[in-house]
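> Assemble chain P onto chain F, guided by the hints.
Quick mapping for you: the protein sequence lines, in order, are chains F and P.
With the working numbering applied, the first sequence has no gaps in its numbers, which climb one by one up to 381 at the end.
With the working numbering applied, the second sequence has no gaps in its numbers, which climb one by one up to 772 at the end.
Derived by calculation from the structure, the hints in this document are not laboratory data.
Worth double-checking, as some hints may not be accurate.
To be verified - Not the full set, but computed from the structure, chain F residues with beta-carbon under 10 angstroms of chain P:
hint, residue
1, Asn-224
2, Gln-318
3, Asp-320
4, Ala-343
5, Met-344
For each residue, glycine too, the CB sits at the ideal point set by N, CA and C.
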Amino acid sequence: MVRVTGNFQSESPLHPKAFEVLHAAFDSGWADPDKLSQSSAKARQLKNNAIESIASALAVGFDSIVPVSPTSLGYFLGIQGLLMDSLTLIHGATDRKDVFAIAGKNHHQVLSCALDGKLIPAKIASHQSVLALQIGNAETGVIQECDAIIESSQSERIFLDATTSGIRVPVSNQFSTALFDSKSWYGPSELGILVIENTTQWNNPLPHLNAAHSNFQVSLPLLLASAVALENFSSEVVSANTEARRFNEELRSAFTQLSDVDIAGSLDSSLAHMLSISFLNCNGEELLRGIQNDGYSVDSGSACTADDLQPSHVLAAMGVLTHGNIRITIHPGTTQNEIDGLIKSVISNVNKSRA
Amino acid sequence: MIEIDARGLRCPQPIIELGKEISHMHAGDKLILLSDDPATEPDLVAWSRMTGNVFEKKSTNSFIITKLSER
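Okay, chain F solo, but in the shape it has when bound (with noise of 0.2 angstroms):
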């Protein structure tokens, strides 16, 4: 069996913090927070300590933190709770799937973007509109001018993704609902943090009993552990960033040097950690598998290794090479030998491939 020795895939690792807490949460077991036990007081002061903190790194209230479990749940609850039956959905063609599932059950209409990933930001002719905006796209990494966009459609309603960029930038300050993903700070996957920042605008979309109160519960061990990583990769994020950016530049550089290639947008408008390329005349899947043997996973956009066979809808919008793609994730711990021979690797199946 080939062992990988270099994941560059968007699946993150668990952060060494998060792990140890997870490990000892479920050796210890945990009680419901919502009981009245004295194990229950102990664990509802610890899922109130995990929320702290939390809200402290989004810089956002205590009261605004709604934990969901899956992440694609917070899609409906974050932009479905914001709609009413007159508001109209205005979102990106580069958006998540899920973004395109709750748009379809709706009034909606769809922003174009440009061949640099950004949206073009278009006049609204109502206000009653939710706006449902991507700050950093989860397959090319390009980041949305956001408050330009906002300040254009007028939307009185704002939904913010920002699952991929997570805390490697800025979230704009004008939203009603925000929505987070756990794993962006290398905390467990399928944890995603919604926070309700206007509670005016936002109503309960599932079947519940009081509309203003979320009636789901998430694991308590996943949240403790997201909050522990979320707090590590705070203070590393900088670094992390720095780091990423350096390789991907020598990426881009080495890619580049060969013949009919696309990049997804440019590094200077993209989540430094994430590269997303296309080989003219190359086939996706023998990309994938080739540079797999050498020991390297990448991710890949192209019809063939879709389970629909249908191309990226992302890089489609963007009129970008949408076969013979490879989608690379840099992240803390990779290194310079690590990145080498991925080059080496990438470059030496693209020649295959064209062969």
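Relative to the frame of chain F, chain P by itself:
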């Protein structure tokens, strides 16, 4: 007009077949590409930008390609 029937072929094969055929053509020449692969149309947009050639969608699975550059 030359016709490339790439129906049934999956990405990136239709674009590879197009690249092979167009390399033998002269500036101003046209060909028809038939392809039912969902990636072909978005890839033709990128391919045109990268190679300097142009395409026009004739019908759902049919594209007219005009060679404008040396590639």
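> A separate judgement is required for each hint: does it hold in the structure or not?
Checked hints:
For the restraint placing Asn-224 (chain F) at the interface with chain P, the shortest Cβ-Cβ distance is roughly 38 angstroms, beyond the 10 angstroms limit, so the hint is violated. This hint is violated: Gln-318 (chain F) has a C-beta 19 angstroms from the nearest C-beta of chain P, more than the 10 angstroms allowed. Interface hint status for Asp-320 (chain F): violated, as the beta-carbon distance to the closest one in chain P is roughly 21 angstroms, over 10 angstroms. The beta carbon of Ala-343 (chain F) comes within 9 angstroms of a beta carbon in chain P, closer than 10 angstroms, and the hint placing it at the interface holds.
A hinted interface residue such as Met-344 (chain F) counts as satisfied when its beta carbon comes closer than 10 angstroms to some beta carbon of chain P; here the least separation is about 9 angstroms, so the hint holds.
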